[in-house]
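Please build the complex by placing chain B on the supplied structure of chain A, with the hints as guidance.
Heads up: the sequence lines are chains A and B, in that order. For what it's worth, the working numbering labels the leading residue of the first sequence as 1, then goes sequentially. For what it's worth, the working numbering labels the leading residue of the second sequence as 1001, then goes sequentially.
Think of the hints as simulated: they come from the structure by calculation, not from any bench. Among the hints, a few may not be true.
As the list claims (entries may be wrong) - On the chain A side, residues computed to face chain B include the following (Cβ under 8 Å):
id, residue
1, Val52
2, Ser73
3, Ile77
4, Ala78
5, Met79
6, Phe81
7, Ala85
8, Asn89
9, Phe98
10, Ser99
11, Met102
What the hints assert, rightly or not - Calculated from the model, a selection of chain B residues having no Cβ within reach of chain A, i.e. all distances over 12 Å:
id, residue
12, Val1022
13, Gly1025
14, Ala1031
15, Leu1039
16, Leu1060
17, Gly1079
18, Leu1080
19, Met1106
20, Ala1154
21, Ser1156
22, Phe1229
23, Thr1237
24, Tyr1284
Positions of the beta carbon are idealized from the N, C-alpha and C atoms, including for glycine.
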Amino acid sequence: MASLEIDGVRKRFGAQEVLKGIDITVDAGEFLVLVGPSGCGKSTLLNMIAGVDTISDGEIRVAGMRVNELHPSERDIAMVFQSYALYPNMTVEQNIGFSMEMHKVPKPERLAAVREVAKILQLEALLKRRPSQLSGGQRQRVAMGRALVRKPKIFLFDEPLSNLDAHLRVDMRTEIKKLHQRLHATIVYVTHDQIEAMTLATRIALMRAGELLQLGTPAQLYNRPANTFVASFMGSPRMSLIPARLVPQGEALALELQRGDRPKVSIPLPPQPPAVQAFAGREVIVGLRPEAISNGSRPAGNGSGAQRQVDGQVVVIEPTGPDTLVVLNIGGHELTARLEPDLDLRPGDRAEFTLDLTNLVFFDPSSEKLIA
Amino acid sequence: MAKTWETPQMVQGTGFRWSRVVVYGLLVFFASVYILPLLVMLLTSFKPLPEIYAGNMVALPRHWTVEPWVNAWTTACVGLNCNGIKGYFWNSTKMTVLAVVISTGMGLLNGYVLTKWRFRGANVLFGLILFGCFIPFQIVLIPMATFLGRMGIASSTTGLVFVHVVYGLCFTSLFARNYYVAFPDELVKAAMIDGARFFSIFWRVLLPNSGPIIIVTVIWQFTNIWNDFLFGASFSTGESAPMTVALNNVVMTSTGEREYNVHMAAAMIAALPTLMVYVFGGRYFVRGLMAGSVKG
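Looking at chain A on its own, in the form it has when it is part of the complex (with noise of 0.2 Å):
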């Protein structure tokens, strides 16, 4: 367990730069989740952490030692890739043991650490094994055997469930979950999903086109994206972005939804930090997530005086299971809201709906920056 510190690091292919200065720093025992659409040079990052990519610029350190020259087996990391990466000539017992193996520990030893790491992994029956005698599960497991079995400072995973079926992804989500919790071990874990980010991450770092948008905890990626693509890409289904008018009513702000042939509706808002007074009388675009909006009968949020009642009209029901989803017309924009699973409403219907502004995030329309 260890810190680790990635300080402007770039990345250059030729004339193209993938990765534009990234700066992270992951304390002792964090689980950081590199999360962002394919080819944002998340799993770039990672490889040169692990040291199997090289660093074009700046500087990568393992417990505040520079490691950007040492060799990838000197870094005192370990990772689990998205395909397993077993060695398909060697046992389950012969795969997670190569490490000592290539390190020069003594057999008795080796076997004794090999033994304990099956143990906590329920992998003791397949020792004797190939790769190609196991399930994707069970691959898994091996996977993470021997990245355990050399007590490393950092465990990196490389989209380590995107090859297995929807059940058992849950299932070793909540493996690596636990492990880490036992562990206290330094993760850096790279998806592109971004339930999984939100589930096992301590923090979450936002990357997209090799920059940094935004790094911090799930609830503040959740609830206080820094821009539009952070609110969009976190949350499924996905935060509704409106673009609205913010006007002074009295002392306080409302907010002002129009479009098209649609009346004007108009919320008034609870007060708000000075930073959004500011573009009072301007267009924002304002953020509401799905589950801030609710129907007459159940009221959202805590009570804290942030509830408005507006009306608005069914466009659209989704029905899930545990929730429904609906697509609401109000003034014009159409807002997704997360509903209870029996509904009264038919598409067309016009009702009453609540929205808790507790959480009403306000981007800057011309940068899409969050305003704060």
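This is chain B only, laid out in the frame that chain A set:
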């Protein structure tokens, strides 16, 4: 489903068809065309000379004899030496085994570097290696003779091994490179993180998973080198000649009566090793050529 599709298998299962008679007839015909020369050679090699001169090449021998085989091995005249072909057989064996092992090993190493340790210009280099596959034998004869002379290994088995390794390297590198290009990079990365270095990654991770391509390369190289005549005739003399050259000298002798049975036996002995390689490795050959095209 509105329509049931007839697959070729289903058509076959529906009973007697004239088309199948035609197909099998043609297959049997062509198979016999191909097997006939081998049959004639084998029958001739087990016949005494008078029977051969009596005619009818495809008739079974009336008196079976292994004497032509023994003669070919021990007393047949190669040029002016009448010690049989056994010495030349060993020449060929030594030359082929050495050249196959060296060229295969180097080719695998080339393929490994070209795919897993990519460097600036790797693709250009691979293109040049590929180009080497298209150089005809005849072009290299004279420069190679000069080179072997300067190196002091002309007219020796060492020289022939060198020629075959150089010439075969393009093919073995091509085979290995195309096999390793489909070999997952993640395994190499995993091995690096586990602490393996350049040669231990090759030795412990790539080589144990290279069975099919090693067999393809060995069969290809073995048959080419064993069967080569041009390099053997150009770069060897007398006692150091390989089997193919010796066989030619046995058959082309102009003294005495032509011992067709001994010639055939010698030719069979010359062909036997490649035949064995095909018998034991043939099924892996097809499998190896297919490897990478289908997952599994």
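Earlier hints that do not hold, by number: Per hint list: zero violations.
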